[in-house]
Amino acid sequence: MMWLILGLVIGVAGWWIFDWAKAHQIKVMWYEWLLEAIALLFALFAIQNFFASFEELEPNAAWVLLALFGVPALILAGVAGFLIWRRHKSVNRIAQP
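Quick note on numbering: this note's numbering labels position 8 of the sequence shown as 8, and the sequence is numbered without any gaps.
Note that these hints are calculated values from the structure, not bench results. There could be a bad hint or two in this list.
So the derived label-pair ranges between C-beta atoms look like this [claimed, not checked]:
(1) Leu-57 / Leu-83: 35 to 45 Å
(2) Val-12 / Leu-74: 17 to 27 Å
(3) Trp-85 / Ile-38: 11 to 21 Å
Small disclaimer: the values here were computed from a predicted structure and weren't measured. Virtual Cβ for every residue (Gly too), placed ideally from N, Cα, C.
Work the whole structure out from these sequences, hints included.
What follows is the structure, encoded as structure tokens:
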């Protein structure tokens with residue numbers, strides 16, 4: 001049931017982000033969507049491994065797996081967000097006199 005709710009939340013959040021970017025005329029390139037999708041997969045994998053390892057009474061493995069997959073997820077999401085921000089900032093600078 002948790003994964004169903006998580007999937008619904010991710011779907012609604014993805015739709016909202018896409019709609020918000022379109023409404024604010026923020027162009028997102030295909031590779032930035034790909035980076036965000038990979039970051040999301042890494043984050044979900046980290047969360048799943050974290051809870052599964054705790055259920056198996058392996059807290060050290062849980063924290064290691066959270067760091068092993070969570071940190072790259074944060075890095076990829078940060079890189080994609082920075083690329084979008086940088087392009088949007090340069091477009092606004094060119095458009096304004």
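Check each numbered hint from earlier against the structure, then list the numbers of those it violates in ascending order.
none
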